[in-house]
Structure formats: C-alpha cells, structure tokens
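Modelling step: build the complete structure from the supplied sequences, incorporating the hints.
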Amino acid sequence: MKIHEAEARQLLADAGLAVPDASTATTPAGARAAAERLFSGGAAQVVIKAQVLVGGRGKAGGVKLAATPQEAEQVAAGILALEIKGLPVRRVLIAPAATILREIYLAALIDRSSRGVLLMASAAGGMEIEEVAAKSPEAIVRVVAHPHAGLLPYQARQLGFGIGLSGELLKQFCVIAAGLVRIARSSDADLVEVNPLAVVPAPELPGGERLVCLDAKVTLDDSALDRHPELAAWRDADSEDPIDREAREQGIAYIRLDGSIGCMVNGAGLAMTTLDLVTQAGGSPANFLDIGGGARSEKVAAAMRIILADPGVKAILVNIFGGITRGDEVAKGLIAARDQQDRVVPMVVRIVGTNAKEAAELLTAGGFETAASLDEAAEKAVALAGAGGAAR
Amino acid sequence: MSILVNADTRLLVQGLTGREGGFHAAQMAAYGTQIIAGVTPGRGGERALNDTTPVFNTVAEAVSATGANASCIFVPAAGAADAIAEAAAAGVKTIFCITEGIPVHDMVGALAIVQRHGARLIGPNCPGATSPSAANSGVKVGIIPASIHLPGDVGVVSRSGTLTYEAVQSMTDAGIGQSTCLGIGGDPIIGTTFRDALELFAADAATRAIVLIGEIGGSAEEEAAAWAGDNLKHLPRVAFIAGRAAPEGRRMGHAGAIVSGASGRASDKISALEAAGFKVALSPTELPRLLREAGYAPRS
Chain A
1 MKIHEAEARQ
11 LLADAGLAVP
21 DASTATTPAG
31 ARAAAERLFS
41 GGAAQVVIKA
51 QVLVGGRGKA
61 GGVKLAATPQ
71 EAEQVAAGIL
81 ALEIKGLPVR
91 RVLIAPAATI
101 LREIYLAALI
111 DRSSRGVLLM
121 ASAAGGMEIE
131 EVAAKSPEAI
141 VRVVAHPHAG
151 LLPYQARQLG
161 FGIGLSGELL
171 KQFCVIAAGL
181 VRIARSSDAD
191 LVEVNPLAVV
201 PAPELPGGER
211 LVCLDAKVTL
221 DDSALDRHPE
231 LAAWRDADSE
241 DPIDREAREQ
251 GIAYIRLDGS
261 IGCMVNGAGL
271 AMTTLDLVTQ
281 AGGSPANFLD
291 IGGGARSEKV
301 AAAMRIILAD
311 PGVKAILVNI
321 FGGITRGDEV
331 AKGLIAARDQ
341 QDRVVPMVVR
351 IVGTNAKEAA
361 ELLTAGGFET
371 AASLDEAAEK
381 AVALAGAGGA
391 AR
Chain B
1001 MSILVNADTR
1011 LLVQGLTGRE
1021 GGFHAAQMAA
1031 YGTQIIAGVT
1041 PGRGGERALN
1051 DTTPVFNTVA
1061 EAVSATGANA
1071 SCIFVPAAGA
1081 ADAIAEAAAA
1091 GVKTIFCITE
1101 GIPVHDMVGA
1111 LAIVQRHGAR
1121 LIGPNCPGAT
1131 SPSAANSGVK
1141 VGIIPASIHL
1151 PGDVGVVSRS
1161 GTLTYEAVQS
1171 MTDAGIGQST
1181 CLGIGGDPII
1191 GTTFRDALEL
1201 FAADAATRAI
1211 VLIGEIGGSA
1221 EEEAAAWAGD
1231 NLKHLPRVAF
1241 IAGRAAPEGR
1251 RMGHAGAIVS
1261 GASGRASDKI
1271 SALEAAGFKV
1281 ALSPTELPRL
1291 LREAGYAPRS
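As given, the protein sequences belong to chains A and B, one line each in that order. Under the working numbering, read the first sequence as residues 1 to 392, first letter to last. Under the working numbering, read the second sequence as residues 1001 to 1300, first letter to last.
I should point out that these hints are in silico values taken from the structure, not numbers from a laboratory. Take these hints with a grain of salt, some might be off.
Said to hold, decoys possible - Going by beta-carbon spacing under 10 Å, a handful of chain B positions derived as facing chain A: (1) Ala1078; (2) Ile1102; (3) Ile1144; (4) Arg1159; (5) Ser1170; (6) Ile1190; (7) Ile1213; (8) Ala1220; (9) Ala1245; (10) Ala1246; (11) Arg1251; (12) Ala1266.
What the hints assert, rightly or not - DEER-style ranges, computed between Cβ atoms: (13) Asp258/A x Arg1289/B: 31 to 37 Å; (14) Asp1230/B x Thr364/A: 49 to 55 Å; (15) Gly294/A x Glu1248/B: 27 to 33 Å.
Claimed, not checked - Stretches of chain A that chain B covers, calculated by requiring three or more beta carbons in the stretch to come under 8 Å of a beta carbon on chain B: (16) 106 to 117; (17) 213 to 226; (18) 252 to 266; (19) 271 to 282.
Here the structure is a predicted model, which is why all the values come from computation and not from measurement. The C-beta atom is built at its ideal place from N, Cα and C for all residues, glycine as well.
Here it is, written out as structure tokens:
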C-alpha cells in the first residue's frame, strides 16, 4: 500500500529524523493559513505540493513555490483543481522552501537478490534512481542491513563515505540511514525512500551545512497491514476505485485493464498466462483476476459482479484448474451469478482438475459454452468478444 | 531418484491439526508420503490423521521423538516465519512453507536463521514438491494434486501453483513423466531459487530434461539462465514465462510478480533463457512438443 508524502514525512519525523515542519490543506484558504504560519516562523518562501499517489507530479504542475500567503492561496487553488495521471488532487502539503546546496538519494528497500533490506545511496539525488542506475551505475552505493540487528554503524559509514561525505554531514547521514531501516522494519515497509535528502546551509554548525529530508516515499507491505491498524487507516479510500475496494475486501486479486475480455482464473500465474493467451489469440483482456485457492460459490459470484462492473467487457473467459478449488463449486457459483446479473455477456468456461466431471455436467445442463484446453478457451473468448457481445 | 523429496523423507507437518494442514496431510499420506509427526503448540499429546500420527508441542520434541527430517508448514501467515525458524533451529534440514501472505520483513529474519542452521527452505507461498514413483503414488510434500503426475525423468521447477498444474498435466497427457515437480513460490523473498533448483536437478541422475516455469518480476530467471548456460548444457531444457501481457507497475496477484521500470519484464527473461539454450514456449501446452524438439525422448 502506498501512502502519501505527508504521512511518509510523519513516519520520518516520528523516528526523529530531520524533516522540515509542514502541514496539509484541502482548501486554498487552508493552504493560506498554513503558509501564514510558516512565513511568521521565518520562512522566505513556501513550497506547495500535490498529494497524489503517482510519480511525476512536478512535471504535471503539482509542485510550486509561493512568496506570500496570498500567492500560496492562489497556487494551492490551481493545484487542487488539477488531475494528475487521472487522479484528482484533493490535498496539498505546504512546507518552507529550502535553499538546496546539493541533493542526495537514499532509500531502504526489500531486495530479492540479497533477500534482505538493501540500502541504496547516491550523491546524484533529485532524479529518479532508475535514471541514475542507467546513466552512472557506479554512482550508487549499496549495503545490505543485518537481518536481525538492522543497519550497523559501520555499514552506515560505509555508505556515507561511499558517496563522498565526511565530518558533520557524515554523522547526520548515518543517523538518517539507520533511521530509514528502523522505519522499514517497524512499519513493515517495502520501501522507504528520501529523495532528495538535501544539503542545506546551517551557519550554526561546524561545517556550515546540514541534511534535511525534503521528500519521502513509503510503500507498506500489504501482508503486514493487519498488525499496523494505525498505518492501515492511512489508506487513501478516495483514490481507490469502489470495484477495487470490493475485490480487496473479498480477497480477490483484481487489476482492471482496458480490453474487452473479462477473465476469471484461480492462481496468479495461471491468470497471467490466461491474459497472455488471450492477447496472443488476437483479443485484449479487460482484467487480471485471481479468485484464489479454495474459492466457494459466493466468491465466484462476487468475481462475476466485479468483472461485469466494467462496461467494456464483451465476453468472459473462466479458466479454473482445480486443486484445492473444486470445479463443481465454481460451476455452481457461475450458474448462480448468471441468474443474478442484469447484464448478459457470452461466456466460455474451462474447468479441469478436482471435480471437473461434476462441473462439466452442471455447465452443460446450464447451457454454458465450454472448452477443453486453455488455448481453445482463449480462441473462443476472442471470437465471442469479436461478435460484439451477441446473445448466446 | 529425484530431488528434495523421496522415499527417505520422514515428514512432520507444522499445523497438522488445522483444517488445511489436516486435509493436505491426508492427501500426502494417501499418495505414499511418510507422515510421522505433527506440531501444534498446545496440542501436544494428541493424535491426528485417524489416530495414526502423534502431535507435539514443539518441533524439537517431534524431531527427537520421531527422527523427522523434513517439515511442511501450514501455519497461518502471522506465525509462519516463526514456524520456519523453529524447524531450522530444531535441526530439520528441508523445510517447505506453503503459507501465503507472510510479512516480508518476517521472512528476512527467518531466512537468516535457516541459513545459519544449514537448512534449506522451499517457499513460502509455494505448492511444495512431488516425486512420483508409480501411477498415483510416490512422495509428495505440499498441495500439488496427485492426479496430474506421471513418473518419469523430467524435472519441473516453477514459481506458480495452478500454472504448474497446467504445465504438468499437459506433459502427463503427452506421456512425459516427471522426476520431481517443484514449486518454489511467488513471494519476493524465497528460500530456494530457480538457480538452486537447477543445481539440484543437474546433480540428480534420474533427471534427464528440465522444464522451468517463470513469471514477471525480479531477476531470478535471468540468474538461473546465466548459471544454466555454462552448467546445464548436457540436459534438454525448455521454459515458459507468464506475464508477457502484464502492464508495468502493477502487482499481478503474487507479491513478487511486478514489472518495475526496466526490471522484471517477460521479454528480458525470455531472451536470457533462449541465450542459455532453453526453448521457450508461448503456451504451457507447447512444452511437450518443445521438449521433444530439444532432443528429449521419454524412456519407454
């Protein structure tokens, strides 16, 4: 689960890391009030940032500066009227604008290859890490945190020296790096990224510079949300489609795509394969949908509702390889679901494995189009969708 | 022979008294697996599987009383990583974890314990392994349906569950049997990788061809291909990669199945496998034909 920058900054601040004071607003007047507070606290300029769960908001006009409370109100009004990559901006973050001397990239993430928490740092902050990796891979320094103790002090130093830090800045960097790993572990985050980690003037300090976290991106592990109700409450229900929500609540993995063939499959790998074969047969899938193992008839009915809620669906392909899942349960669910639906679209059903024979009898009696192999099912579904959804 | 599971496997089931654990243990026993103990904290002293199998409070007790040398875990996600650590610390060397949805940071800690004890973990979020030895019998650990198997000499390794069943069924239908069929799991952090599985198959005299079934996300297929290019030349090898039509940035069901930026794409995996001498199928049903084209012939 992705969380907004405002909440990600809060996690960093709660961990004692240097994050500039900021607040959020959902109206231009609220943004003005927040800006007034920052200006009276000594800020020369404020930055107003759209809170949306997609990248590229700067390029989309979602991050702007303001020099007065009035300007902050106008700028916030403009940003709150934006839609960025299809998502409306409902909230802005207002923070003091920093004088940035240099930018560093720092992230803690779950890494498959090392099977641990990987720290990545680069002196070339401010741009996407993929860009750095492509342009100058040698500029990225990596270290894997200890599996039980977290980031050890020598590992943090190794990273900091690796990107050319020393003295006071190195000390601050080590505190922040260890903090990111601590947040990742205590919040069950897959990713805790600070980009940029900015070097800003600090005349009061020996080196005259200090580090501040100017942006934060955190992704939480969906499998661990149950044990973090306070973090789960940060789910942005507004940017979640109602159909996606129903799927999530039913324990169905659903991803809407833009094609015309609705797919209902058990198992993620087989569901992906079904999309591949539909595409290969010249069709275009309307969704990825995995009903999971052991699905009973009510879940099948819910899956059918979710698929048919997409008006672009012209045909449905059901592909079940019964193991834990019993074919006859799925067949009963399909029959019940069809009787409950207002909208009728042609369907091709393939059920093999556990109780496939019983399933076949039920489906034949119910007048369903069936297929023996996955390739045949894909071809039939493409033909049915091509017929423009004519009645069976 | 086979890899990982065979006639010497003396299996204990963690979570044997639960619904899933009990059901699948009965299926495993019916196929021919020796299930010698169960572990459920607080249920020690009971007997399970129609009164045939003792239940212990701890894995250590079960191992010392029965000599169990492998474990299959059906414990719910919140306690599964702990169950893995317990098995490893008790000296179990081969640990299968079927449980789906284990928090990934829990796995980081558990896997380090597994490695420290010199054990091998398969999974989590995997269907287990089957080594068929006759029609409808052999040794299976996990949840793969027994009916799809045929004894033979092709090693199958996969990240998926039902997709594996699909592929194995198509092999069995074509008269191509399996030495061992292994599901390594769809999570980002798993104990046994494709490369590990290929090394095991390469060392198994009874395996004469390889089927690898991968999917988008991560780079485990590429890493396996890099190893296979130098070390697997003697075996006919075919592959299938799921997710060619998957959009970027979306998690396709499995926690690990995601194309992010330039990594994890199906096309890169297919190229890497082809460069390592794998014939790559466009549908799981093509695997038997490609095996034959790669020079494999089933022993009659």
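(message) Output the indices of the hints that this structure fails to meet, ascending.
(response) none
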